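K.L.:
Turn these sequences into a full structure, and let the hints guide you.
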Amino acid sequence: MPAIRTRDEALAAVGAALAQWTVVSGDVLARAAAAVRGARADAEAELSRRTRRVAELTDLLGSLRADDSRRPAAANDLARARASQLAAVQAATQVGGLLERTAALQRSHVRNTRSFAEAARADLTGRGSQLAAYRAAGTGAGGGAADGPAGYGPTGSWPGDGPAGYGPTGSWPGDGPAGDGPAGSGGGPAVGRAAAVSWLSGRGLADVAVAEAGFDDNPIVGEFGRDGLTRADYRWAVTQWDEVVRPGLDRGMTREDFAAKDAARGAPPLRRLADVCDMFLGSDLVRVERRPDGTLNVLSGRHRLAVAHELGVRRLPAKWDG
Amino acid sequence: MASALDLAATGLADAVRTLERGLADTRGQWDDPARRAFDQQHAVPILGDAKQTLTELRQLAAELAAVTRLLAS
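If you're matching them up, the sequences are chains A and B in order. Residues in the first sequence are numbered consecutively from 1329, following our numbering. Residues in the second sequence are numbered consecutively from 700, following our numbering.
Just so you know, these hints were derived from the structure itself, not from any lab. Keep in mind that this is a model prediction, so the values were computed, not measured. Backbone N, C-alpha and C fix where the C-beta goes; we use that ideal spot for every residue, glycine too. You may find that some hints are simply not true.
[Claimed, not checked] Cβ-to-Cβ under 8 Å is the rule here; a few derived chain A residues that face chain B:
no., residue
1, 1356
2, 1404
3, 1546
[Claimed, not checked] Simulated restraints on C-beta separations:
no., chain 1, residue 1, chain 2, residue 2, range
4, B, 717, A, 1639, 22 to 32 Å
5, A, 1428, B, 702, 17 to 27 Å
6, B, 772, A, 1639, 33 to 43 Å
7, B, 702, A, 1411, 50 to 60 Å
8, A, 1393, B, 765, 38 to 48 Å
9, B, 772, A, 1428, 20 to 30 Å
10, B, 702, A, 1591, 47 to 57 Å
11, A, 1425, B, 772, 30 to 40 Å
12, A, 1617, B, 772, 49 to 59 Å
13, B, 719, A, 1617, 50 to 60 Å
14, B, 717, A, 1545, 26 to 36 Å
P.N.:
Take a look at the structure:
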């Protein structure tokens, strides 16, 4: 790794590390899936071989007369072959299950890594743009030439510090001004990858890893959910969020688009996609904070996180406090 | 059969270490509240997801090894 001497280089190095992780981990998961596919092929071939062996021995036993002296040995061979065949059936079934799980792991990894890394890179791009704008404005100590570790700004911190330092909140993607990226990023139409992440960072939100969210110190007790919502309602909403709403937002859809879909299919209450949008991006956000010891403290959204954990959904949008 | 998946798990473990090192190496020149916010929002979830994926891949490798033994028995 080349020496990192400036913050620009640090930003680039973080971006490079994330890009490398995305490529390498994706490749490894693809190889893992290929390995399990190979294992399934091997298991099925072995099952076929043992099944043929059972058929051969069955035929042999059937061809022997009742008083044939070879009959006991053939019967023993057939019993062993059937046991071996059964083991192969079990192995093939288990490998099939492993293949499904490996494929699911690969899919979720690709989806999560792409989302996480794109959000991080968008953040880095925004910070780099802010740095450039700051220099261009000549407000950095020492001006544009001062690129060293202490040469940026009077306090040494980035402009727009912290998770809430981004554009307007409360509006849906496409509703607000075109330049809903980080201040100083140049604005312009929200298209492509920037559009895909703006619905998240534009609200000052960032994904939280569901697996990190433990709340043993504040467990869910009594009736599940509020206002009569059941666990099934939560499971439906979290599933729709992960499989329909979030991918739609990534493609630039808005709450109004989901509301139109709800209207078109006559969706009943508690089964509306627009409500799912509100559930995760409305006024009652999932809110978390990092404790000094590094663990995650869930301030709001335990039910959503618990259900996401049950369903294997790995990330939810959250407001980070502190 | 299991060895290929074990190799994949080892490769993923290496990639996780490389990512951790790549992020850590930059702190010498970027270590301020903004960096900590970046880590909290992005780096920590990415590493958490990476380690969870690694755990699951190792589990799959162990189960595949068990299936291989079953088939060989």
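K.L.:
Confirm or reject each hint.
P.N.:
Against the structure, the hints come out as follows:
Taken as an interface hint, residue 1356 of chain A checks out: its beta carbon lies about 5 Å from the nearest beta carbon of chain B, inside 8 Å. About 18 Å separates the beta-carbon of residue 1404 of chain A from the nearest beta-carbon of chain B, more than 8 Å, and the hint is not met. Hint status for residue 1546 of chain A relative to chain B: violated, with the closest Cβ pair at about 20 Å, above 8 Å. The supplied range of 22 to 32 Å is met by residue 717 of chain B and residue 1639 of chain A, whose beta-carbon atoms lie about 31 Å from each other.
Checking the proposed 17 to 27 Å range against residue 1428 of chain A and residue 702 of chain B shows it holds: the Cβ atoms sit about 21 Å from each other. Checking the proposed 33 to 43 Å range against residue 772 of chain B and residue 1639 of chain A shows it holds: the Cβ atoms sit about 36 Å from each other. In this structure the supplied range 50 to 60 Å is violated for residue 702 of chain B paired with residue 1411 of chain A, their Cβ-Cβ distance being about 26 Å. Between residue 1393 of chain A and residue 765 of chain B the CB atoms are about 43 Å apart, so this pair conforms to the stated range of 38 to 48 Å.
Taken as a hint, the range 20 to 30 Å holds for the pair residue 772 of chain B and residue 1428 of chain A, whose Cβ atoms sit roughly 24 Å apart. For residue 702 of chain B paired with residue 1591 of chain A, a C-beta distance near 55 Å keeps the hint of 47 to 57 Å intact. Restraint check, residue 1425 of chain A to residue 772 of chain B: a C-beta distance of roughly 19 Å breaks the suggested window 30 to 40 Å. The hint said 49 to 59 Å for the Cβ distance between residue 1617 of chain A and residue 772 of chain B, and at roughly 52 Å that hint holds.
A C-beta distance of roughly 23 Å is found between residue 719 of chain B and residue 1617 of chain A, which places it outside the suggested range of 50 to 60 Å. In this structure, residue 717 of chain B and residue 1545 of chain A meet the distance hint of 26 to 36 Å, their C-beta atoms being roughly 35 Å apart.
Hint compliance for this structure: hints 2, 3, 7, 11, 13 are broken, all remaining hints hold.
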